[in-house]
Amino acid sequence: MKRVLVVGGALLLGMGAVWADRDSIKEVQTLMKGNGKNAGAMSAMVKGEKPYDQATVNSALAQFEDTAKKLPNLFPASAKGVKLDGDYSTSPKVWEDKAGFDTKIASFAKVVGDAKGKIKDIDSLKANMPAIGKECGGCHETYRVKNG
Amino acid sequence: MQRTILLALLAAVAAAGIYWWLSAPGVAAVGNAPAHVPDLANGEVMFNAGGCASCHAVPNQPDRLRLGGGVAIKSPFGTFYAPNISPDPNDGIGKWTDADFVNAVMHGVSPSGQHYFPAFPYTSYQHARREDVLDLLAYLKTLPAVAGKVRDHDVGFPFNIRRNLGIWKSLFLDDKPFVADGSKSPQWKRGAYLVNSFGHCAECHSPRNALGGMIAGQRFAGGPNPEGEGWVPNITQKRLGEWSAKDLAYFLKTGELPDGDSVGGAMTRVIKNTSQLSDEDLAAMAEYVKALPPVDGPTPPKRKQGS
Chain X
-11 MKRVLVVGGA LLLGMGAVWA DRDSIKEVQT LMKGNGKNAG AMSAMVKGEK PYDQATVNSA
49 LAQFEDTAKK LPNLFPASAK GVKLDGDYST SPKVWEDKAG FDTKIASFAK VVGDAKGKIK
109 DIDSLKANMP AIGKECGGCH ETYRVKNG
Chain B
5 MQRTILLALL AAVAAAGIYW WLSAPGVAAV GNAPAHVPDL ANGEVMFNAG GCASCHAVPN
65 QPDRLRLGGG VAIKSPFGTF YAPNISPDPN DGIGKWTDAD FVNAVMHGVS PSGQHYFPAF
125 PYTSYQHARR EDVLDLLAYL KTLPAVAGKV RDHDVGFPFN IRRNLGIWKS LFLDDKPFVA
185 DGSKSPQWKR GAYLVNSFGH CAECHSPRNA LGGMIAGQRF AGGPNPEGEG WVPNITQKRL
245 GEWSAKDLAY FLKTGELPDG DSVGGAMTRV IKNTSQLSDE DLAAMAEYVK ALPPVDGPTP
305 PKRKQGS
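Residue numbers (our numbering), protein chains in the order written: chain X, -11 to 136; chain B, 5 to 311.
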């Protein structure tokens, strides 16, 4: 009986771990969708579709910063190969080149940190936005795979 | 019996002759082409539109103008290694003549008369104007010389027999100069030219058949990523209907999609080049792409929930 309990408990724990991995990838998807919305809101100002709004910029940068803080912990080794619905999946390179991936996140964090306080009007937004976009693309180039 | 053997031999000889004739590297006629006075600024535009740096810049270093080559290009036929096209006289193209360069870029034939593999997109570059190609050569010669030859391609039999590429070319190289639709605006025409010649967008954004030839009816309709995992999107109005021409131009400038998402994969390298183009050229390419009629491409694999 004890044995059954132990085995059963181990199985449950194992399943729990699998779900945890799915949750972490899901959290990445949610964060990234939020980032996209924020970046889109700032681009709309750069493109001249919307007037400049400091509050939008501040909350976008705050969310980028939050993402940079959370990302290093959202790709546990056990999440490798987890694939969810969506336009993109995680490239195995995240785990194969962990050091390179971590460097990218650190670089993103630094650029966002630098931009905070520098973006005060439409001109400084136009001046700083490309550097942030480059960080997004620089990481997605290698570590994200498009599904279809 | 002897007669049968003789006939078979004759047939074999004839077949070999036809093969040799079909597979011969065809080049431009040299001779009375007028001397070209190069326009370096235009050469730089063609360099950026053509995305030369994506494959020919030395990998893992920041300077996209050091064209020593070495980038590995994966394909179902093997791995290609982009060669040195810096002006180094021994390892690069420093000694190349105008005719050498035109034959390479527009006909896929090396100065020594060998076929190039179509990993080098001469299938698109053939539609470029000769003057633009020569301006590009003049511009390339102003860039830093980088020493060092790149390793050979890693391609298996029978694809490693370059002569076979002559047959491939007869099947998939249309060898027609690019003619823009006369009824369209000058901006559309400029876009059509950049997208279909130097821009070589269709090379990745179209599905290919088993021989690696582009499926013409599904041009720009996307397909599986030939370099490995993932999918190259359909860029006709089938998929991009919600994008305005302005969205497209902004995307080519910044790598940012209309929903705020940023581009990834190989397109990131493309944006590094297109971001250098003028707003006018980007608007022209955007207008052309926006006008692409909707075309159904291959269906991306369905993914299941879970791993």
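Hint data in this document are derived by calculation from the structure and do not stem from the laboratory. Ideal Cβ positions, reconstructed from N, Cα and C, are used throughout, including at glycine. Among the hints, a few may not be true.
[What the hints assert, rightly or not] Here are the computed distance ranges between Cβ atoms for each label pair:
| # | chain 1 | residue 1 | chain 2 | residue 2 | range |
| --- | --- | --- | --- | --- | --- |
| 1 | B | D283 | X | K21 | 28 to 34 Å |
| 2 | X | D111 | B | P80 | 29 to 35 Å |
| 3 | B | T101 | X | K68 | 37 to 43 Å |
| 4 | X | D111 | B | A220 | 33 to 39 Å |
[Unchecked claim] Using 27 Å as the maximum straight-line C-alpha spacing, the simulated DSS-like pairs for lysine-lysine come out as follows:
| # | chain 1 | residue 1 | chain 2 | residue 2 |
| --- | --- | --- | --- | --- |
| 5 | X | K108 | X | K81 |
| 6 | X | K114 | B | K193 |
| 7 | X | K122 | B | K294 |
| 8 | X | K14 | X | K108 |
| 9 | X | K35 | B | K276 |
| 10 | B | K193 | X | K122 |
| 11 | X | K122 | B | K99 |
| 12 | B | K250 | B | K276 |
| 13 | B | K78 | X | K35 |
| 14 | X | K122 | B | K276 |
| 15 | B | K78 | X | K86 |
Can you let me know if the beta-carbon spacing of T101/B and K68/X is within 37 to 43 Å?
52 Å, violated
Between K35/X and K276/B, is the straight-line Cα distance small enough, at 27 Å or below?
20 Å, holds
Take the C-alpha atoms of K14/X and K108/X, compute the straight-line distance between them, and say whether it is at most 27 Å.
33 Å, violated
Is it true that the CA of K78/B sits at most 27 Å from the CA of K86/X?
23 Å, holds
Holds or violated: the 29 to 35 Å window for the beta-carbon distance between D111/X and P80/B?
The hinted range 29 to 35 Å is violated for D111/X and P80/B, with Cβ atoms some 48 Å apart.
Please test the hint of 28 to 34 Å on the beta carbon pair from D283/B and K21/X.
For D283/B and K21/X the Cβ distance comes to about 30 Å; the hint holds.
Just to be careful, I want the Cα atoms of K250/B and K276/B compared with a cutoff of 27 Å; is the pair within it?
Distance ~19 Å between K250/B and K276/B Cα, so the pair holds.
27 Å limit on alpha-carbon distance, applied to hinted pair K122/X and K276/B:
9 Å, holds
Below or equal to 27 Å on CA atoms is what counts here, so check K193/B against K122/X.
This hinted pair is violated, its Cα atoms lying about 30 Å apart.
Check the hint pairing K122/X with K99/B against an upper bound of 27 Å on the C-alpha distance.
Since the Cα atoms of K122/X and K99/B sit roughly 37 Å apart, the hinted pair is violated (cutoff 27 Å).
Do the alpha carbons of K122/X and K294/B lie within 27 Å of each other, as the hint requires?
25 Å, holds
Check whether the Cα positions of K108/X and K81/X lie no farther apart than 27 Å.
37 Å, violated
Checked against the numbered hints given earlier, the structure breaks hints 2, 3, 4, 5, 6, 8, 10, 11, 13 and satisfies all the rest.
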